[in-house]
Amino acid sequence: MEAAVKEYTYKDFASDQEVRWCPGCDDYVILRSMQKALPEMGVKKEDVVFISGIGCSSRFPYYMDTYGMHGIHGRAPAIATGLKLTNPDLSVWVITGDGDSMAIGGNHFIHVLRRNIDLNIVLFNNEIYGLTKGQFSPTSLVGQKTKSSPYGNTQPPFSAGELALGAHARFFGRISGNTPKEMTQIFIDAEKFKGTSLIEVLQNCPIFNDGAYSKFNDKAVREDRMLFVEHGKPMIFGKERNKGLVLNGLKLEVVTIGENGVTETDILVHDAKEQDPTLHQMLVRMEYPMVTGIIRAFDDVTLEEREDALTAQVKSDSNFKKTDDLFFSGDIYNVF
Amino acid sequence: MIATTEKKKQKVIDAVIIRFVGDSGDGMQLTGTQFSDTSAMFGNDVATFPNYPAEIRAPQGSLYGVSGFQVHIGSVEINTPGDDVDLLVAMNPAGLKTNLHALKPGHTVIVDTDSFTKKNLEKALYDSNPLEDGSLENYRVIEVAMTSLTKEALKEVEGLDNKTITRSKNMFALGMVYWMYGRSREYTTEFFNKKFKKKPEVIEANTKVLNAGFYFAETLELIPNAYTIAPAKMAPGTYRIIMGNQATAWGFLAAAEKSGLELFLGSYPITPASNILHELVKHKHFGVKTLQAEDEIAGISSAIGASFAGDLAITTTSGPGLALKAEALGLAMMIELPLVIVDVQRGGPSTGLPTKTEQSDLLQAMYGRNGESPIIVIAASTPSNCFEYAYEAAKLTIEHMTPVLLLTDGYIANGSAPWKIKSVASMPEIKNNIIKEAEEDWHPYNRDKDTLARNWAIPGVPGLEHRVGGLEKDRVSGNVSYVPENHEYMTKIRAEKVKRVQNYIPEIVPEFTEEGDLLVVGWGGTYGSLHSAVKELNEEGYNNIGFAHFNYINPLPKNTSEVFSKYKKIIVCELNSGQFVKVLKINCSEFNFLQFNKIQGLPFANNELVEKFKSLV
Ligand SMILES: Cc1ncc(C[n+]2csc(CCOP(=O)(O)OP(=O)(O)O)c2C)c(N)n1
Ligand code: SF4
Ligand SMILES: [Mg+2]
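Residue numbers (full-length UniProt numbering), protein chains in the order written: chain A, 1 to 336; chain B, 1 to 617.
Any given hint might turn out to be false.
Pairs of lysine-lysine, DSSO-like flavour, derived with a Cα cap of 27 Å [unchecked claim]: (1) A:Lys181 to A:Lys273; (2) B:Lys436 to A:Lys11; (3) A:Lys321 to B:Lys356; (4) A:Lys321 to B:Lys558; (5) B:Lys569 to A:Lys194; (6) A:Lys44 to B:Lys422; (7) B:Lys569 to B:Lys612; (8) B:Lys155 to B:Lys104; (9) B:Lys194 to A:Lys315; (10) B:Lys284 to A:Lys321; (11) B:Lys194 to A:Lys322; (12) A:Lys321 to B:Lys569; (13) B:Lys258 to A:Lys315; (14) A:Lys322 to B:Lys431; (15) B:Lys282 to A:Lys315; (16) B:Lys436 to A:Lys45; (17) A:Lys321 to B:Lys258; (18) B:Lys612 to A:Lys322; (19) B:Lys598 to B:Lys356; (20) A:Lys321 to B:Lys420; (21) A:Lys321 to B:Lys612; (22) A:Lys322 to B:Lys195; (23) A:Lys322 to B:Lys568; (24) A:Lys322 to B:Lys284; (25) A:Lys322 to B:Lys436; (26) B:Lys569 to A:Lys315; (27) B:Lys422 to A:Lys315; (28) B:Lys420 to A:Lys322; (29) B:Lys284 to A:Lys315; (30) B:Lys422 to A:Lys321; (31) B:Lys436 to A:Lys6; (32) B:Lys431 to A:Lys321; (33) A:Lys315 to B:Lys198; (34) A:Lys322 to B:Lys258; (35) B:Lys197 to A:Lys315.
Computed footprint of chain A on chain B; a stretch qualifies when at least three of its residues, placed anywhere within it, have a C-beta under 8 Å from a C-beta of chain A [unchecked claim]: (36) 229 to 238; (37) 262 to 272; (38) 305 to 314.
It is worth saying that the hints were derived from the structure and are not from the lab.
All figures in this text were calculated on a predicted structure; none of them were measured in a lab.
All C-beta atoms, glycine included, are put in the ideal place defined by N, C-alpha and C.
Could you put the whole structure together from the sequences, leaning on the hints where they help?
Structural data, given as structure tokens:
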């Protein structure tokens, strides 16, 4: 029987290393939310592993008192895949940035999602390269002025969610970097989900890209500009809770409840578990409102389940128990 | 054709080299394998080498669609598939054209005359028919209408389509060669019975054609005698024929079982390394995990993750793939986890000569990483000892907690030879540095005082939670450290750890003579060619030539300089423009090294080596 998981507090997950992010960076919020989420997950501390790439964000594992590896730029999903295949009992977390995951690590990012191994990926999207001091990233906007685009960026961005859904992500959540309570909960939900969970954090970098998200996640406008979706609930937002989404032809449209005969029952109910990602794609693409919460959580067979089943099958069909059985099988001959 | 009933004479010979060539679809690999397996079972020593076209579906009859298989068998020790051949079996004009140069003058070529049609001659770019224009007058040509004879032999077998009939003509050729070298047909007929269990008509057809070829040779006047090659004097034991890549894969299987760890392979397909992946993926019954990754970087990175989680982790590739793995290899070295990288070398640079052999990745293996990042480098030297060196690579990485790069090459990886099967029980122990529970004063970078290996703390054990990473580590805690003295200390200790491997590897033992006028030095896959050449000279009376072949490159065996000091001249032979010699110059700078290099994508030929060595003594 499983030994009972002991009671932890967030302090149990804080390492003795001094945290070295810039003051005011949202990375602190993510760190604390994670430390608060872990005691709620029912996992043993020794079974938790954080694997990161390179970037400000990727320093994260050093601050967690768990097993961890600060890897190389962009490769954390591949490292985590080997780790998880070796020991499926571990709770494995990939920590990555927008450059780490979508520039240098783009290949690993799409393939880890495609394979659907049971990992959790936290993508710190600050739309900039933080650690290298402010170059544009694959999520920086056209026209954005950065160290490497002093006259404005000419490369159109990816949307992390669109890319992820295109790569068949089974779980995609998005959360604002200044909403720790929701973030803590989404981390817990991601861990519970079987399969690759990707959480994009809209993370403010006050040093190199301050206010990238402020037009919709500032406290003052947040409720009017952001929609927090929950599976099974109508997609309603706004200070007055009177805005909602409806489908108009092939487009999502914002309507006001009480105007033009619109009632609450007209508002679309969020179905995160739907296999068809069409609506999830539309939600991901919206700019008003900016959609957060668990946008997609489609239950599917995981890679390790497929591998396990295959291995069990091959084992039961095989006469080979030891390598000697193989070595001495087939066309062997004796010299006397 | 005149049939004779009189029994032909038997001639005894020591060894023979036969090459079967034909169109990709002619089944030459199968024909060659059957001949070599049958000979091995009979007790001969054998070495084989396949030569496939690089194109997967080359146009029929074209020069670049020729597929070949060379077999060297003997009652004496056989070290290589051999250079020039004693018998050439050419199933079509293209095969003849591309291989005739390898046939020794005066020796025999068997051709299928039915395939020498106008169309095929044109495809092989022959202006006139070589069977008629006298261009083969320096050879003994045995012309056989193999396709027609095959059809004739099968006219009573029912249920065969035309394609199956013409495709079995390779068995006619095999039958002939079996008769010529006094081989039994039993192994091959047994093979048909197993392989075509569900198609009795195919078993019947192949058996009939094999027999037809056999009796045809017996009655053919042009073949005056059959040869006898007695069994070789091989060490008693149980054998099988093994290909280098298969031996490599099996070495890892044995090491995993012996060490009690599970095997994980992260890999991306590349010629000529892919066969290792193909082999290991079959062995899920032993708990082997394989990941065909999205690229080489993911291949090695997944292996690093697997190693962190406590598996015996390996990654396999060839030159261009090794280049991609460089950064991750540096990480593995930095975090001091076990990892084996196999580089099956091929002709470089860049995409180079993917299907040809070369030894030109040695310096990449030694130095191809940023920063000072020494790792253990070893090399296998024969198809069958790929097993031992894969095992050794696993043992060294587990015991010393630093990556090991195992070099093989296309020549030994695709070549095959008898392997005296090693049971796992007979292999050396593999100790590991895994810690199972938290002890007081435990730190991730605590080291074994002899090997300097750090301990291996695996996720899942309470109290051992720790972080590793590519940033410089504090010498004890493993936390990030920018302290200048610590960096110097860690750089030195990582190097010293590799250096100390010298205390755990065998010394180099020169062959033929322990001192003398010339020492022939080689490393890796050239063992067979170099050994044969020096042996031949020795038998001719040149007993002043010694031979030292290196399997351990970094570190070198402890006694290397001492061995070198016993010879007047040293010549370092490599299939590159001089890479190992650079390593030797750094480590044994007191000697003057001569060089013999070849960069043609081909192994050394015996005569070029013999000539060179003779000129030096
Ligand atoms: C192979 C390699 N190339 C480049 C770098 C330099 N580098 C380090 S982090 C980084 C970008 C990080 O950006 P992001 O992933 O968005 O992380 P952030 O710092 O913004 O959290 C770059 C280019 C590196 N460390 N390794
Ligand atoms: S540079 Fe930006 S992302 Fe990096 S720590 Fe500072 S504020 Fe955070
Ligand atoms: Mg960034």
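Status of each hint after checking the structure:
Only pairs whose Cα atoms come within 27 Å are accepted, and Lys181 (chain A) paired with Lys273 (chain A) is accepted, the gap being roughly 23 Å. A threshold of 27 Å between alpha carbons decides the hint, and for Lys436 (chain B) with Lys11 (chain A) the separation of about 25 Å falls inside it, so the pair holds. The hinted pair formed by Lys321 (chain A) and Lys356 (chain B) fails the criterion: a straight-line CA distance of about 37 Å is larger than 27 Å. For the hint linking Lys321 (chain A) to Lys558 (chain B), the alpha-carbon distance of about 40 Å lies beyond 27 Å, and the restraint is violated.
A distance of roughly 67 Å separates the Cα atoms of Lys569 (chain B) and Lys194 (chain A); the hinted pair therefore is violated under the 27 Å criterion. For the proposed pair Lys44 (chain A) and Lys422 (chain B), the alpha carbon gap of about 43 Å is over 27 Å, so the pair is violated. Annotation: proposed proximity of Lys569 (chain B) to Lys612 (chain B) holds, straight-line Cα distance about 13 Å (limit 27 Å). Between the alpha carbons of Lys155 (chain B) and Lys104 (chain B) the distance comes to roughly 37 Å, so the proposed pair goes past 27 Å and is violated.
Restraint check for Lys194 (chain B) and Lys315 (chain A): the C-alpha separation of about 23 Å stays at or below 27 Å, so the hint holds. At most 27 Å may separate the alpha-carbon atoms for a hinted pair to count; Lys284 (chain B) and Lys321 (chain A) meet this at roughly 11 Å. Distance check on the hinted pair: Lys194 (chain B) and Lys322 (chain A) sit about 24 Å apart at the alpha-carbon level, within 27 Å; holds. Distance restraint check for Lys321 (chain A) and Lys569 (chain B): the Cα-Cα separation of roughly 52 Å exceeds the 27 Å cut-off, and the hinted pair is therefore not satisfied.
Among the hinted pairs, Lys258 (chain B) with Lys315 (chain A) is consistent with the structure: their alpha-carbon atoms are about 19 Å apart, no more than 27 Å. Under the criterion of a C-alpha separation no larger than 27 Å, the hint pairing Lys322 (chain A) with Lys431 (chain B) is consistent with the structure, at around 20 Å. Of the supplied pair hints, the one linking Lys282 (chain B) and Lys315 (chain A) holds, its CA atoms being roughly 11 Å apart against a limit of 27 Å. For the hint linking Lys436 (chain B) to Lys45 (chain A), the alpha-carbon distance of about 16 Å falls within 27 Å, and the restraint holds.
The suggested pairing of Lys321 (chain A) with Lys258 (chain B) holds, with an alpha-carbon distance near 14 Å, which does not exceed 27 Å. At most 27 Å may separate the alpha-carbon atoms for a hinted pair to count; Lys612 (chain B) and Lys322 (chain A) exceed this at roughly 48 Å. At roughly 13 Å between alpha-carbon atoms, Lys598 (chain B) and Lys356 (chain B) fall within 27 Å of each other, so this suggested pair holds. About 21 Å separates the Cα atoms of Lys321 (chain A) and Lys420 (chain B), which keeps this hinted pair within 27 Å; it holds.
Between Lys321 (chain A) and Lys612 (chain B), the direct Cα distance comes to roughly 51 Å. Violation of the 27 Å bound is thereby established for this hinted pair. Between Lys322 (chain A) and Lys195 (chain B), the direct Cα distance comes to roughly 25 Å. Compliance with the 27 Å bound is thereby established for this hinted pair. Between Lys322 (chain A) and Lys568 (chain B) the alpha-carbon distance is near 50 Å, which puts this suggested pair outside the 27 Å criterion. Of the pairs offered as hints, the one joining Lys322 (chain A) and Lys284 (chain B) holds, with about 12 Å between alpha carbons and a cut-off of 27 Å not exceeded.
Pair hint Lys322 (chain A) plus Lys436 (chain B) holds up; C-alpha atoms about 25 Å apart against a cutoff of 27 Å. About 56 Å separates the Cα atoms of Lys569 (chain B) and Lys315 (chain A), which puts this hinted pair outside 27 Å; it is violated. Straight-line distance between C-alpha atoms of Lys422 (chain B) and Lys315 (chain A) comes to about 23 Å, which keeps the hinted pair within the 27 Å bound. For the hint linking Lys420 (chain B) to Lys322 (chain A), the alpha-carbon distance of about 18 Å falls within 27 Å, and the restraint holds.
For the given pair, Lys284 (chain B) sits about 7 Å from Lys315 (chain A) by alpha-carbon distance, which is consistent with the 27 Å threshold. Restraint check for Lys422 (chain B) and Lys321 (chain A): the C-alpha separation of about 16 Å stays at or below 27 Å, so the hint holds. Taken as a hint, the Lys436 (chain B) and Lys6 (chain A) pair is honoured in the structure, with Cα atoms around 20 Å apart against an allowance of 27 Å. As the CA atoms of Lys431 (chain B) and Lys321 (chain A) are separated by approximately 23 Å, the hinted pair is consistent with the 27 Å bound.
At roughly 25 Å between alpha-carbon atoms, Lys315 (chain A) and Lys198 (chain B) fall within 27 Å of each other, so this suggested pair holds. Pair hint Lys322 (chain A) plus Lys258 (chain B) holds up; C-alpha atoms about 10 Å apart against a cutoff of 27 Å. Taking the CA atoms of Lys197 (chain B) and Lys315 (chain A), the gap is about 24 Å. The hint holds against a cut of 27 Å. Coverage of the region 229 to 238 of chain B by chain A holds [criterion: at least 3 residues with CB-CB distance below 8 Å; count 6].
Closer than 8 Å: that is the beta-carbon criterion, and the region 262 to 272 of chain B has 3 residues meeting it against chain A, so the requirement of 3 holds. With 8 residues bearing a CB less than 8 Å from a CB of chain A, the region 305 to 314 of chain B meets the requirement of three and the coverage assertion stands.
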